[in-house]
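Need the complex rebuilt from these two chains, each delivered in its own frame; the hints are there to steer you.
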Amino acid sequence: MTKFDAVVNVLLKPGISDPQGQTIERALPALGYEGVQGVRVGKHIELSVEASSEEEAYARIQEMCERLLANPVIESYEVTVS
Amino acid sequence: MNPRVGVVVFPGSNCDLDAQKAFRDLGADVVSVWHDEETLPEVDVVVLPGGFAHGDYLRTGAIARFSPIMDAVRSFADAGGLLIGICNGFQILCEAGLLPGALRKNAGLKFLCKWVDLRVENASTPFTNAASPGDVLRIPINHFEGNWYAEPDVLDELKANDQIVLRYVDNPNGSLDDVAGICNPERNVFGLMPHPERACEALLGSTDGAVILRSILASSPSLVSAP
Numbered sequence: 000m001t002k003f004d005a006v007v008n009v010l011l012k013p014g015i016s017d018p019q020g021q022t023i024e025r026a027l028p029a030l031g032y033e034g035v036q037g038v039r040v041g042k043h044i045e046l047s048v049e050a051s052s053e054e055e056a057y058a059r060i061q062e063m064c065e066r067l068l069a070n071p072v073i074e075s076y077e078v079t080v081s
Numbered sequence: 000m001n002p003r004v005g006v007v008v009f010p011g012s013n014c015d016l017d018a019q020k021a022f023r024d025l026g027a028d029v030v031s032v033w034h035d036e037e038t039l040p041e042v043d044v045v046v047l048p049g050g051f052a053h054g055d056y057l058r059t060g061a062i063a064r065f066s067p068i069m070d071a072v073r074s075f076a077d078a079g080g081l082l083i084g085i086c087n088g089f090q091i092l093c094e095a096g097l098l099p100g101a102l103r104k105n106a107g108l109k110f111l112c113k114w115v116d117l118r119v120e121n122a123s124t125p126f127t128n129a130a131s132p133g134d135v136l137r138i139p140i141n142h143f144e145g146n147w148y149a150e151p152d153v154l155d156e157l158k159a160n161d162q163i164v165l166r167y168v169d170n171p172n173g174s175l176d177d178v179a180g181i182c183n184p185e186r187n188v189f190g191l192m193p194h195p196e197r198a199c200e201a202l203l204g205s206t207d208g209a210v211i212l213r214s215i216l217a218s219s220p221s222l223v224s225a226p
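Residue numbers (numbering that gives the first Met the number 0), protein chains in the order written: chain A, 0 to 81; chain B, 0 to 226.
Isolated chain B, as found in the complex (with noise of 0.2 Å):
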């Protein structure tokens, strides 16, 4: 059975279908679910795709966290189902609690669309399992608010437990401790601001986002419960 993925469209969303297309062709059968629904689908994953929900009125994220599909997407990741939100997605994980800290504006105030590399800081993780620690992923960034932060005690704990997943070679935005994506504490829930969907084809400049998407679907249960 191939690994089944959601992926949730909010007003705004603009990155979904990239997301899609990614997943699917490495072997996913992929869902889109309109935020408006208050179930999900029977899905291994879900995706929080980049873009500007609800136009990122108030704050990024902000209102998209009280869309109804977010109750049902809480529920999967406190029953353990792999979630990940990417830029936007991860503005929105924030914002729901279900990962610590708040996304700033770039330090440098300036909308960041630019490749980035991204050295990979733990690799035990269903996200990042296909890479090993210390590799360097080079995958684009895209966005204003990318500038993560939380106060110092969140910051010693997500180290304490080796939940800085992806860190930046080189900081772009002034994110706190180059922190460029983090998962809780349990592992199924995975934000980060770069793009690893734009990054799965030689055509677009690398395929290192692909090892973070295979990775997701090496760990889907579908597959690893399959015969």
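Chain A with its partners taken away, still in its complex shape (with noise of 0.2 Å):
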């Protein structure tokens, strides 16, 4: 068993609405940013992971996202093994 460190980017999906990032992008122009766009907000998760290879690692990671770590109905992730 190998030990992979890895990394999931929880976003909201396209087309849903991120109350957040809306704020933040209205706040930007308040300090002198202007010409900001598309702000989004999501969450950044490290884990590290035994697993006999890269794929299982990923495998495994994937099928975390899909059960607890994202909300498949409102949220797409991105999982990036190293």
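To be clear, the hints were calculated from the coordinates, so they are not data collected in a lab. Check the hints yourself; a few may be wrong.
As the list claims (entries may be wrong) - With a Cα cut of at most 27 Å, we get these calculated BS3-like pairs of lysine-lysine:
1) K109(B) / K42(A)
2) K42(A) / K12(A)
3) K109(B) / K12(A)
4) K42(A) / K2(A)
5) K113(B) / K20(B)
6) K12(A) / K158(B)
Said to hold, decoys possible - Simulated coverage check for chain B against chain A, where a stretch passes if three residues somewhere in it have a Cβ under 8 Å from a Cβ of chain A:
7) 55–64
8) 101–107
None of these values were measured; they are calculated from a predicted model. Using N, Cα and C, we set each Cβ at its ideal position, and we do this for glycine too.
Given below as structure tokens:
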């Protein structure tokens, strides 16, 4: 078994309104940052898993995302294993 | 025999005592059920109350759905038992897949704690049969993530099956199609963001919540089958 470090980024799906992102986008001009668009807020999750291969680690984390780390109704996720 | 109501208590639940009192005042025998239990006592109705189960960590309801009691709650619902999720309880039911959709952060990004008017869209459920279609109930909301969403095809299905039970008269949180409360196709699982248990005494500003609680108790098997 090898230990694999991984990062999961969870974001609201395109088309799902993101009130946090919108609020940040509206706040930035107050600091003088004009022209900022498309702010989206998500979650960055770091974890390490034991697995016999990188593929297996990836598959296990993928399953964790489907079952817990993301809500597939409104969120998408991206897994990076290193 | 009095209807028997079980109120599940998760770490972080904070409306369980309100729910217990409201049901007890209407004549039910009430028991509290700790989330770590693996079986439910003999009850007619299970309540998942409001609060912040497991701190609402990760997402509202995301951890609570894995509490040991939830397998028993699912079996209870599968067998036709009456299951109601109020506020955080509704969020847990959606995370558990017992009701469709998900609850997003409120559109205005404010925690909302206020009275709202709800229109009864379906009065033929065990949760609303003491009301008439079109009745307006005044019941408080108290949430940050009450902005219900489902894929368009899921929403169409809910509409076609009359599963949208309550709608906001004046949408406070951006909820899709003004949805405030929905039920499953079988009509025995109901979730809503507003708090009917907090609107059961005139002193508190409204007794409209008792319409929902009375519907539930009147539909409970103990009472229905009583001689």
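27 Å limit on alpha-carbon distance, applied to hinted pair K42(A) and K12(A): holds (13 Å)
Decide if the proposed pair is consistent with the structure: K109(B) and K12(A), CA atoms, cutoff 27 Å inclusive. holds (21 Å)
Sort out whether K20(B) lies within 27 Å of K113(B), counting only the CA atoms. holds (21 Å)
Per-stretch coverage check for the stretch 55–64 of chain B, three Cβ contacts closer than 8 Å to chain A: Holds, because 3 residues of the stretch 55–64 of chain B bring their Cβ atoms closer than 8 Å to Cβ atoms of chain A.
So if I understand the rule, the pair passes when the alpha-carbon distance is 27 Å or less; does K109(B) with K42(A) pass? holds (20 Å)
Can the stretch 101–107 of chain B be counted as covered by chain A under the rule of three residues or more with Cβ-Cβ separation shorter than 8 Å? holds (count 6)
Please work out if K12(A) and K158(B) have their alpha carbons no farther apart than 27 Å. holds (23 Å)
For K42(A) and K2(A), compute the direct alpha-carbon distance and say whether it is at most 27 Å. Satisfied, since the Cα-Cα distance of roughly 23 Å is no more than 27 Å.
In summary, the structure agrees with every hint in the numbered list given earlier.
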